[in-house]
Amino acid sequence: ETGVTQTPRHLVMGMTNKKSLKCEQHLGHNAMYWYKQSAKKPLELMFVYNFKEQTENNSVPSRFSPECPNSSHLFLHLHTLQPEDSALYLCASSQDGLAGLIADTQYFGPGTRLTVL
Amino acid sequence: AQSVTQPDIHITVSEGASLELRCNYSYGATPYLFWYVQSPGQGLQLLLKYFSGDTLVQGIKGFEAEFKRSQSSFNLRKPSVHWSDAAEYFCAVPSGYALNFGKGTSLLVTP
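Sequence lines, in order, name chains A and B.
Numbered per the working numbering, the first sequence spans residues 1 to 117.
Numbered per the working numbering, the second sequence spans residues 1 to 111.
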């Protein structure tokens, strides 16, 4: 596998379920990101991890819980979600976690389409 | 915070015609600017980026963009559009640890 992969590609869950999204990057990068893409809204940054340490939490509700066990893997744990959380969740990686400071190029995965019933 | 605006939500062009997608930025100094493309069901792919230097930037898939400080713009162009170019196009600017994206322009290509 090359680039950034995400599993599952599609997920349907009830509001009381617990599920996890997985992201893996095969680029040797040190930073990973979660974005949320809702219909008719710009992409929203959720979390940034740099060298496995969380460097940004963009005021995300606690029902979203990220985990970064190593520089290649990033998870997003979901519990008691709301219907308005239905969206495309995109993972990205970059060489260093300074995308905003040095315009480090981000590489995106295909996303997980999440539907909350 | 730095931001970008994409004034056009939808654009329709005929195959073979030229294309220009607009992006305006708000930032006092010279910004870093990106264009990404998202095909249906896919993630975002980097088309090109501008850091400094030559204001005309060449990207992949035959795209180019021109940075114009006087107009605060970074418009994306392609001289001849192919049906496979139908997608969502996003302009972006760095902000904090990541990127601020515009709302996107949806490109429809007609035969």
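The set of hints was computed from the structure by calculation and includes no laboratory data.
There could be a bad hint or two in this list.
[Claimed, not checked] Straight-line C-alpha distance at most 20 angstroms; calculated PhoX-like pairs for lysine-lysine:
hint	chain 1	residue 1	chain 2	residue 2
1	A	Lys19	A	Lys41
2	B	Lys61	B	Lys49
3	A	Lys41	A	Lys18
4	B	Lys49	B	Lys68
5	A	Lys36	B	Lys103
6	A	Lys22	A	Lys41
7	B	Lys103	A	Lys40
8	A	Lys40	A	Lys22
9	A	Lys41	B	Lys61
[Claimed, not checked] Estimated spans, in silico, between C-beta atoms of each pair:
hint	chain 1	residue 1	chain 2	residue 2	range
10	A	Ser62	B	Pro7	34 to 42 angstroms
11	B	Ala29	A	Ser62	32 to 40 angstroms
12	A	Gly14	B	Ser14	39 to 47 angstroms
[To be verified] Away from chain A, derived, C-beta distances all over 10 angstroms, residues of chain B:
hint	residue
13	Gln42
14	Leu44
15	Gln45
16	Gly53
17	Arg77
18	Asp85
19	Leu99
20	Asn100
21	Thr105
All residues carry an ideal CB built from backbone N, CA and C; glycine is no exception.
Please verify whether lysine 103 of chain B and lysine 40 of chain A have alpha carbons no more than 20 angstroms apart.
holds, 7 angstroms
With 39 to 47 angstroms as the target window, see if glycine 14 of chain A and serine 14 of chain B comply at their CB atoms.
Given about 46 angstroms between the Cβ atoms, the range holds.
Taking the CB of alanine 29 of chain B and the CB of serine 62 of chain A, does the distance hold inside 32 to 40 angstroms?
Holds: the Cβ-Cβ distance is about 36 angstroms, inside 32 to 40 angstroms.
If I take the minimum Cβ distance from leucine 99 of chain B to any residue of chain A, is it greater than 10 angstroms?
violated, 6 angstroms
Does the claim that arginine 77 of chain B lies outside the interface with chain A hold up, using a Cβ gap greater than 10 angstroms?
Correct as stated: the minimum Cβ-Cβ distance to chain A is 21 angstroms, above 10 angstroms.
Hey, is asparagine 100 of chain B genuinely clear of chain A, shortest beta carbon separation above 10 angstroms?
Violated, since 8 angstroms does not exceed 10 angstroms.
Regarding the assertion that glycine 53 of chain B does not contact chain A, is the least Cβ-Cβ distance greater than 10 angstroms?
For glycine 53 of chain B, whose nearest Cβ neighbour in chain A is about 13 angstroms away, the distance exceeds 10 angstroms, so it holds.
With a cut-off of 20 angstroms on the C-alpha distance, tell me whether lysine 22 of chain A and lysine 41 of chain A pass.
violated, 23 angstroms
Next pair to validate is lysine 41 of chain A with lysine 18 of chain A; report whether the Cα-Cα distance is within 20 angstroms.
violated, 26 angstroms
Chain A versus leucine 44 of chain B - minimum CB to CB distance exceeding 10 angstroms, so not interface:
violated, 4 angstroms
Next pair to validate is lysine 49 of chain B with lysine 68 of chain B; report whether the Cα-Cα distance is within 20 angstroms.
holds, 14 angstroms
Between lysine 36 of chain A and lysine 103 of chain B, is the straight-line Cα distance small enough, at 20 angstroms or below?
Holds, because 13 angstroms separates the two Cα atoms, which is no more than 20 angstroms.
Violated hints, listed in ascending order, are 1, 3, 6, 8, 9, 13, 14, 15, 19, 20; each of the other numbered hints is respected by the structure.
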